[in-house]
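Produce the entire structure from the sequences given, and follow the hints as far as they go.
Quick mapping for you: the protein sequence lines, in order, are chains A and B.
Residue numbers for the first sequence follow our numbering, beginning at 1 and rising by one.
Residue numbers for the second sequence follow our numbering, beginning at 1 and rising by one.
Since the hints were made in silico from the structure, they are not lab data.
Treat the hints with caution; some may be incorrect.
It does not matter which identical chain is used: a pair holds within one copy or between any two.
Stated by the list, open to error - No farther apart than 30 Å at their CA atoms in a straight line, the calculated lysine-lysine pairs in the DSSO-like style are these:
(1) Lys254 x Lys238
(2) Lys41 x Lys302
(3) Lys238 x Lys252
(4) Lys254 x Lys105
(5) Lys80 x Lys316
(6) Lys316 x Lys41
(7) Lys80 x Lys302
(8) Lys41 x Lys320
(9) Lys105 x Lys80
(10) Lys252 x Lys105
(11) Lys316 x Lys238
(12) Lys172 x Lys320
(13) Lys320 x Lys80
(14) Lys80 x Lys41
Here is what each chain is made of, one letter per residue.
Protein chains: 2
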Amino acid sequence: MALPFTIEAQTGTARLGRIQTAHGPVETPAFMPVGTVGSVKAVPQDVLEELDAHIILGNTYHLYLRPGHELVRSLGGLHKFMSWDRALLTDSGGFQVFSLGDLTKVSEEGVTFRSHLDGTSHLFTPERSMEIQIALGSDIVMAFDECTEHPAERERSRTSMEMTLRWARRSKEYFDAHEHEVPWTQIAGSTPATPALSGIVQGGMYADLRRESAERTVELDFPCYAIGGLSVGEPREKTVEMIAAALEVLPKDKPRYVMGVGYPHEIVQYAAMGVDMMDCVLPTRAGRHGLLFTSEGRMNIKNARFAQDQGPADPKCSCKVCARYSRAYLRHLFVAAEPLAGLLNTIHNLAFYLDTMRAVRHAIRLGDLSGLLSASVSLA
Amino acid sequence: MALPFTIEAQTGTARLGRIQTAHGPVETPAFMPVGTVGSVKAVPQDVLEELDAHIILGNTYHLYLRPGHELVRSLGGLHKFMSWDRALLTDSGGFQVFSLGDLTKVSEEGVTFRSHLDGTSHLFTPERSMEIQIALGSDIVMAFDECTEHPAERERSRTSMEMTLRWARRSKEYFDAHEHEVPWTQIAGSTPATPALSGIVQGGMYADLRRESAERTVELDFPCYAIGGLSVGEPREKTVEMIAAALEVLPKDKPRYVMGVGYPHEIVQYAAMGVDMMDCVLPTRAGRHGLLFTSEGRMNIKNARFAQDQGPADPKCSCKVCARYSRAYLRHLFVAAEPLAGLLNTIHNLAFYLDTMRAVRHAIRLGDLSGLLSASVSLA
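See below:
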């Protein structure tokens, strides 16, 4: 298990780097579009390639339920199944299982939950999560963690963090013994590449617990470290404080990944702090709901003031949507509930997020993030 | 008003031709994808271009209600609004208004109907239909006709046919006086092109009425003739009989358009009979419902037997969907209600229809349609 990571430039705490996955390189800081059930919602894979996405995320919980990890494995893994030969990261299933709330029951062994599709009962354990992610053929597998609910008392947060650490150890043990079972090592033949397992820092909203969680997760020795349990309803200053606490401890020569964030100005800020990877459903979900992210701020495309607006969604954007369609047309599509609306809005939003990260990388290379930071904060 | 039409080859009654519209050439026999509200549902315009669609259809009724023809005119017309610089044909609004059933009231003046969106009352007359289609900037405008309901007694069909003839005259008078008002003649400047008006043959399910309708419509002298009022529930032999009756009479040097048809084997048959243009929602609507048209027949992609099928939807198809994705993946997308399902299925179905017409044109050039006819009939 390895995940080669080279840092090519640094500006302040920000790093420009490159992660070498078994399915190609990922330039960091990277934003990862979310492809929940084996599809970045509405977007064909060739468009993701055009957008220059080098890594996307799949959700273990959803793929386990449908179409099922055994089916995906039998078809050669998720890359082959969805025809995506670039990198894939899968979450552990933990966060989404916990999101089911009353339908779940947590024990030392793992989490029992009921499917949101048919109510059937299932058990996720660290071992099971590893088995599923390996069957899917993920390049970057996430350790099975407990996403501490918010708000949570200190003692509850510590107890939860301790469980996540025990689960991290179990995840690693299972992963180390089974990582060679990914469907693509058997297929590729010539490339004896393996997936990598990422640890996850928890600790609720307590900076000292976050530091302790980071220290003890690092002791387990992962090639990548994620910071989980954020974006769960806490104020943003708290998010920043928790990220900062973990980053203090996490090794600088390994990729650091903040899960489930954020708005454009947030991902710029986190990248400036030294975060290397982020993912969020925001650009895709907001796009389907008619919310566009632009260099002029957020834009609700259904607003009547766009009815006759012949300009592009974002005059500074060079994506294929902004190059071709007007705000008036995008508004019409959305108001008329045309299926094309979701696709075009999503393409633009993904382009905006990926361009934002590209601009961050460029600024790190040039040695000055200040302009980008102040510009993005003004859009908050 | 003119619609240059050259016939390049003939095989039996089938014709290989080229219609020169103000927005480029259309090779015939042509299948026209339906872009109801200014969008071929789910499909971006660049993909329509890749599919080599040279003409698409817009629905006057829908565009009139939303976004409104005045808005479209003020934005430069439908071509510019939707960013489509190839040919556009608009229907008259008549068929869809009649489809509203109890919500409509027909008089000599026109049709009063209630919007399916908000229940407001509107009046379509021949003049109003022309005004709307000209405002939209259609290349081929359809005369306002009454689509006779099915079944209809002979006398009712005659009365309705007579009304359509009077409305055709009124359509033509208004059109001739206003065709120069299309938004794009004012914009293009150098190209003094104008739209063309197509007459429509009616006559219910009575061959002699169809012939009479054709004769009297031809007397009005249109550059294009459509055969309407079919695919309204009649048996297919009746459809064929009505088309044949009209084609006997319609001038051979003008394009002949059968509205609202059909299945792949039907469009091959009609092309063989001498029909030059067809349109149908079938490939797009069926695609969104998981029905794929293939060289092996119709395929319901949600069928469990495709769950592990790694082959393309159609092994003989070279569309971008068949080139990249498996039946197993398409089935998964459909079962999981992923928005990408509708797009991919629609792209394949449109490719299949457009490829079918391309094969028809090739066969006419080669002088033998028999193989194509028997192959397509076997898929019925």
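So, going through the hints one by one against the coordinates:
Within a single copy, Lys254 and Lys238 get their C-alpha atoms as close as 24 Å, which meets the 30 Å cut-off; across copies the closest is 73 Å, which misses it. Within a single copy, Lys41 and Lys302 get their C-alpha atoms as close as 20 Å, and across copies as close as 19 Å, so both meet the 30 Å cut-off. Within a single copy, Lys238 and Lys252 get their C-alpha atoms as close as 22 Å, which meets the 30 Å cut-off; across copies the closest is 77 Å, which misses it. In the homo-oligomer, the alpha carbons of Lys254 and Lys105 never lie at most 30 Å apart, since the shortest distance is 34 Å inside one protomer and 73 Å across protomers.
Taking the shortest Cα distances, Lys80 and Lys316 sit within 30 Å of each other only across copies (21 Å), while inside one copy they are farther apart (36 Å). In the homo-oligomer, the alpha carbons of Lys316 and Lys41 lie at most 30 Å apart both inside one protomer (25 Å) and across protomers (28 Å), since each shortest distance falls under that limit. Taking CA atoms no more than 30 Å apart as the test, Lys80 paired with Lys302 passes between copies only; the shortest distance there is 20 Å, against 37 Å inside one copy. For the identical chains of this complex, Lys41 and Lys320 are neighbours both inside a copy (18 Å) and across copies (18 Å), given an alpha-carbon limit of 30 Å.
Taking CA atoms no more than 30 Å apart as the test, Lys105 paired with Lys80 passes in neither setting, with 34 Å inside one copy and 56 Å between copies. Taking the shortest Cα distances, Lys252 and Lys105 never come within 30 Å of each other, neither inside one copy (36 Å) nor across copies (75 Å). Proximity of Lys316 and Lys238 under a CA criterion of 30 Å is satisfied in neither setting, with 32 Å inside one chain copy and 57 Å between copies. Proximity of Lys172 and Lys320 under a CA criterion of 30 Å is satisfied in neither setting, with 43 Å inside one chain copy and 40 Å between copies.
In this assembly of identical chains, the alpha carbons of Lys320 and Lys80 lie at most 30 Å apart whether taken from the same copy (27 Å) or from different copies (16 Å). In the homo-oligomer, the alpha carbons of Lys80 and Lys41 lie at most 30 Å apart both inside one protomer (18 Å) and across protomers (28 Å), since each shortest distance falls under that limit.
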